[in-house]
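Quick note: the sequence shown uses my numbering, first residue 1, plus one each step.
One or more of the hints may lead you astray.
Stated by the list, open to error - Cross-link-like lysine-lysine pairs, in silico, DSBU-like; alpha carbons within 35 angstroms at most:
#, residue 1, residue 2
1, K230, K244
2, K230, K243
3, K165, K243
4, K230, K147
5, K147, K88
6, K244, K165
7, K147, K244
8, K165, K147
9, K165, K230
10, K50, K88
None of these hints come from the bench; they were simulated from the model.
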Amino acid sequence: MSAADGRMGYMTSPRTFKLTVAYDGTDFSGWQIQPGRMTIQGWLERSVAKLAGARVHVVGSGRTDAGVHAIAQVASCTMPRWNAPAQKLATAINVALPDSILVTDAVDAPDDFHAIRDSVSKRYRYQLQNGGNRNPLEHRYWYRLRKRVDLDAMAEAAQLIVGRKDFACFQSAGAPRTTTVRHVTACDIIPLPDGPWGESRLAIEVQADGFLYNMVRNIVGTLIYVGLGKHPPCWVTELLAEKKRELAGPTAPPNGLFLKSVWYGPNDPGAIEASHGHQSAPSG
Numbered sequence: 001m002s003a004a005d006g007r008m009g010y011m012t013s014p015r016t017f018k019l020t021v022a023y024d025g026t027d028f029s030g031w032q033i034q035p036g037r038m039t040i041q042g043w044l045e046r047s048v049a050k051l052a053g054a055r056v057h058v059v060g061s062g063r064t065d066a067g068v069h070a071i072a073q074v075a076s077c078t079m080p081r082w083n084a085p086a087q088k089l090a091t092a093i094n095v096a097l098p099d100s101i102l103v104t105d106a107v108d109a110p111d112d113f114h115a116i117r118d119s120v121s122k123r124y125r126y127q128l129q130n131g132g133n134r135n136p137l138e139h140r141y142w143y144r145l146r147k148r149v150d151l152d153a154m155a156e157a158a159q160l161i162v163g164r165k166d167f168a169c170f171q172s173a174g175a176p177r178t179t180t181v182r183h184v185t186a187c188d189i190i191p192l193p194d195g196p197w198g199e200s201r202l203a204i205e206v207q208a209d210g211f212l213y214n215m216v217r218n219i220v221g222t223l224i225y226v227g228l229g230k231h232p233p234c235w236v237t238e239l240l241a242e243k244k245r246e247l248a249g250p251t252a253p254p255n256g257l258f259l260k261s262v263w264y265g266p267n268d269p270g271a272i273e274a275s276h277g278h279q280s281a282p283s284g
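Generate coordinates for the entire structure from the input sequences, incorporating the hints supplied.
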């Protein structure tokens with residue numbers, strides 16, 4: 001390694017990193033790179049390429065859809081050259097990112113660490129405004145219900161979702177999987193403090209070992225139908241048994257959805273759980 005390389009903080013031995021990324025997904029076509037479209041992965045890979053001097057594949061723990069946000073998305077990448085502390089990599093990547101994307105943490109990871117393959121659990125949060133006037137300053141992060149919903153009925157229905165079950169009724173077409181069985185470990189209805197103009201708020205948080213395409217948004221749409229009195233809580237059990245997507249509630253819009261946490265087991269490098277309450281866009 002030359003003296004110049006040493007001053008730049010580079011080395012020839014590759015290093016694998018775990019990145020934690022927050023973003024406001026409103027203006028992006030989702031996580032995954034798509035030709036001619038602005039995506040989270042595309043921005044990250046362009047920024048990392050400037051540091052590495054070559055293209056580096058950045059793998060996200062999940063392919064969030066257009067308009068979906070993240071508090072703590074996790075990504076992995078292997079840098080062909082980087083001899084500085086891991087946290088300096090986060091700082092360097094952020095220099096070339098737009099204000100709506102931020103790498104909040106970077107830690108060294110095992111050479112074979114893979115953000116998708118190695119994840120054992122994820123938690124999503126969906127934010128709802130329960131009636132009241134629309135808030136023009138925060139509409140990017142909340143789905144406003146025009147009518148108030150029954151939280152007790154929604155909570156009763158939500159508990160019927162918990163467990164290892166076939167969730168075919170909550171899978172949208174477009175991304176078929178070999179199995180539609182998943183283990184949901186939590187489905188919580190969480191009352192939140194009122195908004196700045198007195199608007200009532202709540203969150204639905206779902207945690208599982210994996211998710212089907214649009215699964216959380218379809219669960220939310222179904223629970224809203226229960227909350228509005230269109231169906232009793234036991235309707236969820238019927239839907240799970242029927243395994244037909246067309247029988248369940250509508251897909252909730254993307255703006256209320258956040259990827260909140262990703263877990264990688266007890267040996268997780270730089271384990272992060274974004275367990276704090278969240279009532280607006282990720283900030284940094």
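Going down the list of hints, with the structure as the test:
no.: 1; hint: K230 - K244; in the structure: holds (18 angstroms)
no.: 2; hint: K230 - K243; in the structure: holds (19 angstroms)
no.: 3; hint: K165 - K243; in the structure: holds (11 angstroms)
no.: 4; hint: K230 - K147; in the structure: holds (12 angstroms)
no.: 5; hint: K147 - K88; in the structure: violated (48 angstroms)
no.: 6; hint: K244 - K165; in the structure: holds (14 angstroms)
no.: 7; hint: K147 - K244; in the structure: holds (27 angstroms)
no.: 8; hint: K165 - K147; in the structure: holds (31 angstroms)
no.: 9; hint: K165 - K230; in the structure: holds (24 angstroms)
no.: 10; hint: K50 - K88; in the structure: holds (14 angstroms)
Checked against the numbered hints given earlier, the structure breaks only hint 5 and satisfies all the rest.
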